[in-house]
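Undergrad: Quick note, the sequences are listed as chains W and D, same order. Per the numbering used here, residue 1 is the first one in the first sequence, and the count goes up by one each step. Per the numbering used here, residue 1 is the first one in the second sequence, and the count goes up by one each step.
No wet-lab data here; the hints were simulated from the structure. These figures come from a predicted structure and were not determined experimentally. No residue lacks a Cβ here, since even glycine has one placed at the ideal position from N, Cα and C. Among these hints, one or two may not hold up.
As the list claims (entries may be wrong) - Only pairs whose alpha carbons sit at most 20 Å apart, straight line, appear in this in silico PhoX-like list of lysine-lysine: (1) Lys216(D) x Lys116(D); (2) Lys51(D) x Lys68(D); (3) Lys216(D) x Lys260(W); (4) Lys51(D) x Lys260(W); (5) Lys246(W) x Lys113(W); (6) Lys106(W) x Lys166(W).
Claimed, not checked - Residues on chain W that point at chain D, a partial pick, calculated with CB under 10 Å: (7) Tyr65; (8) Leu96; (9) Gly99; (10) Pro152; (11) Asp222; (12) Glu227; (13) Arg306; (14) Pro373; (15) Arg375; (16) His377.
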Amino acid sequence: MKRTKVPWVTALLLTVVGAAAAQNVNPDISVIGDVRAFATDDASDPKEGRLQLDLKSVELALQGYLNPYARADVFLGYHDDSFELEEAYATILRGLPGGLQVKAGKYRVDFGKLNLLHPHAYSFLDTPLVHRELLGEEGLVDIGVNLNLQAPLGNTVLTVSGNVLKGDFAEGHHHEHAAEDTSSMLDSFGRGLDDLDTLEEEAVETDLGYSERLGLFVPTGDYAGFEVGLNALQGTLDLNTGRKVKLLGADAKYRWAPDKYRSLTVQGEWIRSDRDVEHAGAGEGGVERVRADGFYAFLDWRFAQRWNAGVIGERSEMAEEEGVSIERVGAFAGFQLMEETTTLRVLLRQSDGDELAEPVREAILQLAFSLGPHRAHWF
Amino acid sequence: MKKPLLTVLLAVGLASAASGEPIRVVTSIPDFGAIAAAIGGADVTTESIVKGNRDVHAVELLPSLMMKVRKADVYVKVGLDLDLWAQQIIDGSRNPRLLVVDASERIVKLEVPDFKVDASHGDLHAHGNPHYWLDPANARPIGEAILAALATIEPGMATTFRANLDGYVARLDAATAVWQSRLAPHAGAEVISFHSSWPYFARRFGITIVEHLEPKPGVPPTPTHVAALTELLRTGRVKAILMESYFDDRVPAMLSRTTGVPLVKVPVLVGSAPGIDDQFALFEEITGSLARALAGGRPAD
Ligand SMILES: [Zn+2]
Numbered sequence: 001m002k003r004t005k006v007p008w009v010t011a012l013l014l015t016v017v018g019a020a021a022a023q024n025v026n027p028d029i030s031v032i033g034d035v036r037a038f039a040t041d042d043a044s045d046p047k048e049g050r051l052q053l054d055l056k057s058v059e060l061a062l063q064g065y066l067n068p069y070a071r072a073d074v075f076l077g078y079h080d081d082s083f084e085l086e087e088a089y090a091t092i093l094r095g096l097p098g099g100l101q102v103k104a105g106k107y108r109v110d111f112g113k114l115n116l117l118h119p120h121a122y123s124f125l126d127t128p129l130v131h132r133e134l135l136g137e138e139g140l141v142d143i144g145v146n147l148n149l150q151a152p153l154g155n156t157v158l159t160v161s162g163n164v165l166k167g168d169f170a171e172g173h174h175h176e177h178a179a180e181d182t183s184s185m186l187d188s189f190g191r192g193l194d195d196l197d198t199l200e201e202e203a204v205e206t207d208l209g210y211s212e213r214l215g216l217f218v219p220t221g222d223y224a225g226f227e228v229g230l231n232a233l234q235g236t237l238d239l240n241t242g243r244k245v246k247l248l249g250a251d252a253k254y255r256w257a258p259d260k261y262r263s264l265t266v267q268g269e270w271i272r273s274d275r276d277v278e279h280a281g282a283g284e285g286g287v288e289r290v291r292a293d294g295f296y297a298f299l300d301w302r303f304a305q306r307w308n309a310g311v312i313g314e315r316s317e318m319a320e321e322e323g324v325s326i327e328r329v330g331a332f333a334g335f336q337l338m339e340e341t342t343t344l345r346v347l348l349r350q351s352d353g354d355e356l357a358e359p360v361r362e363a364i365l366q367l368a369f370s371l372g373p374h375r376a377h378w379f
Numbered sequence: 001m002k003k004p005l006l007t008v009l010l011a012v013g014l015a016s017a018a019s020g021e022p023i024r025v026v027t028s029i030p031d032f033g034a035i036a037a038a039i040g041g042a043d044v045t046t047e048s049i050v051k052g053n054r055d056v057h058a059v060e061l062l063p064s065l066m067m068k069v070r071k072a073d074v075y076v077k078v079g080l081d082l083d084l085w086a087q088q089i090i091d092g093s094r095n096p097r098l099l100v101v102d103a104s105e106r107i108v109k110l111e112v113p114d115f116k117v118d119a120s121h122g123d124l125h126a127h128g129n130p131h132y133w134l135d136p137a138n139a140r141p142i143g144e145a146i147l148a149a150l151a152t153i154e155p156g157m158a159t160t161f162r163a164n165l166d167g168y169v170a171r172l173d174a175a176t177a178v179w180q181s182r183l184a185p186h187a188g189a190e191v192i193s194f195h196s197s198w199p200y201f202a203r204r205f206g207i208t209i210v211e212h213l214e215p216k217p218g219v220p221p222t223p224t225h226v227a228a229l230t231e232l233l234r235t236g237r238v239k240a241i242l243m244e245s246y247f248d249d250r251v252p253a254m255l256s257r258t259t260g261v262p263l264v265k266v267p268v269l270v271g272s273a274p275g276i277d278d279q280f281a282l283f284e285e286i287t288g289s290l291a292r293a294l295a296g297g298r299p300a301d
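Can you build the whole structure from these sequences, using the hints too?
TA: Set out below in structure tokens:
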């Protein structure tokens, strides 16, 4: 079961919408579209120097309360000419002892704070290299159960979270860039935890995975605070060879909103991966443990009601090739046409790396639009 | 650091508080906290999510806010889709025994759209204008909703709470009569406001809001709209530009300078300016500043 095809997604959608309409408790329905224009001077890209257009994603969200204590969230996504079930989960929000929250379904795993955010909402437009390469092209999404405890610790807030995961970490998120004529060094980056599927005949049963997060939020005023977190993940990449993966991460986020119009976000994350890789040079069935790490850090300053600008720096090694890395710096800006319903964003960046003959420059322009109720952003 | 309890009008029978523990009330806006404190006296503690000179429409969902609500007994929200973020704070609090009060329940709503509301109307609220606390007479329906929750938690105190609310409303009514007489000479005066915060206030105090700086609720002033407003202000019909203090005053100040129509920048929440510690001070400030401007005097800045 590699890709979720359109027919059953449509059936599910009609069922959900139909059931909701019948009961007259309609969930909130929202649609977010992400249209892009981009250009690159990457000599290895056949479309070098030409303007390219893409409907990067369209996301349909159905969200609502099951009862006063629980809610369900379903996200269907259109990416690269196919529909897929991005997320579908239920959360028991309150009512459990000790401030426990329980989530079950398919969801974005709380490995760091950025992974929880949908990529169309990134102010810096593109998934950081380290996420693509070490977590998966569209981040770490899996089927699982999450237990999350949050408790005040003096003035601060401590979060302890654990996930039991099905283990096929990025099911349905593998996009076969190799089949496209646009493949370049940069495109081959970003195989994440899902690339091994392509080496096997069909998706091999994977073993359960586990991930944990420890977070500490420290308020620094009524409208400011920072959070630091530690993340870990352990899992099996496939049962046939018993190859394992271990991830370790640390993240920090600071946010400050001096008034109604302005806010500052400074955020960064470092991730290290240790994974078993079948190596051609290691002989039949030979497995080698490869260590890779990377980070990103960005600063985003909303300086007027509708304007923001910032910078991002990132670096990542390839998950399965020892010592091969790419570095990037980018500058971005955003403009909200009307509140948050329509946003224009632009990113200019330069990448350099071990396997790039010379630095690659890219420009990306994004138009993101959203229909439907808008929820406030979580810290 | 606990916020000091607001002083109350009537003496409260301290000894009669059954459990001895004060009822913890968290409110979306400080104005509701002031009313809850007046009803509960020493038997409640209050804390507001929105603090200072801030916009109620947008709040940063810091985890520390959730922890405030974790230990609360009652949450009082504005409702009418103004503080949709309150539901996220309530969920994030994980507090299973929280009593949630929608203070808009008993309000006679104004500006309820009779058409299908969507984002082409800006941040328009489908169930009516949510800025109802800017009519001091709405302290009664807001207070009744809060009273019901407090009396559920401390049934033994219900009579005291009701007497406290009655006393508070009586005192506010008396003050409202003074504020009304202050604005009575300007009955029907045409005013433009920044945001559509004023229908309840305007009805109570007899002024007429003819336009807004925001072309649509939540949408910042556009050059074409400002040009149209300049024309309107130059006719001399409009007597004042009324604005909520949390907005950027550059555009309204420019309009005031170029047209000579006075700008009245006032707080719209308890606690949003020094000395505005309760509803009495808030309405004293708003009606005082507006009356001075309408009388042709220098507006207070
Ligand atoms: Zn409003």
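Undergrad: Indicate, hint by hint, whether the structure satisfies it.
TA: Structure-based check of each hint:
Pair hint Lys216(D) plus Lys116(D) holds up; C-alpha atoms about 15 Å apart against a cutoff of 20 Å. For the hint pairing Lys51(D) with Lys68(D), the CA-to-CA distance comes to about 13 Å; that is within 20 Å, so the pair holds. Restraint check for Lys216(D) and Lys260(W): satisfied, since their Cα atoms lie roughly 18 Å apart, inside the 20 Å limit. For the hint linking Lys51(D) to Lys260(W), the alpha-carbon distance of about 12 Å falls within 20 Å, and the restraint holds.
As the CA atoms of Lys246(W) and Lys113(W) are separated by approximately 19 Å, the hinted pair is consistent with the 20 Å bound. Only pairs whose Cα atoms come within 20 Å are accepted, and Lys106(W) paired with Lys166(W) is accepted, the gap being roughly 9 Å. A least Cβ separation of about 9 Å between Tyr65(W) and chain D falls short of the 10 Å threshold, and the interface hint therefore holds. Nearest Cβ of chain D to the Cβ of Leu96(W): about 8 Å, under the 10 Å cut. The hint holds.
Interface restraint check: Gly99(W) against chain D, minimum CB-CB distance 4 Å, threshold 10 Å, status holds. A least Cβ separation of about 4 Å between Pro152(W) and chain D falls short of the 10 Å threshold, and the interface hint therefore holds. Look at Asp222(W): its Cβ gets to within about 5 Å of chain D, closer than 10 Å, so that hint holds up. The beta carbon of Glu227(W) is positioned within 10 Å of a beta carbon in chain D (closest approach about 8 Å), and the interface hint is therefore held.
Interface restraint check for Arg306(W): the shortest CB-CB distance to chain D comes to about 7 Å, inside 10 Å, so the restraint holds. The beta carbon of Pro373(W) comes within 8 Å of a beta carbon in chain D, closer than 10 Å, and the hint placing it at the interface holds. The interface hint given for Arg375(W) holds, since its Cβ lies 7 Å from the closest Cβ of chain D, which is under the 10 Å cut-off. Taking 10 Å as the C-beta cut-off, the interface hint given for His377(W) holds, the closest approach to chain D being about 7 Å.
The structure is consistent with each of the numbered hints, conforming to all of them.
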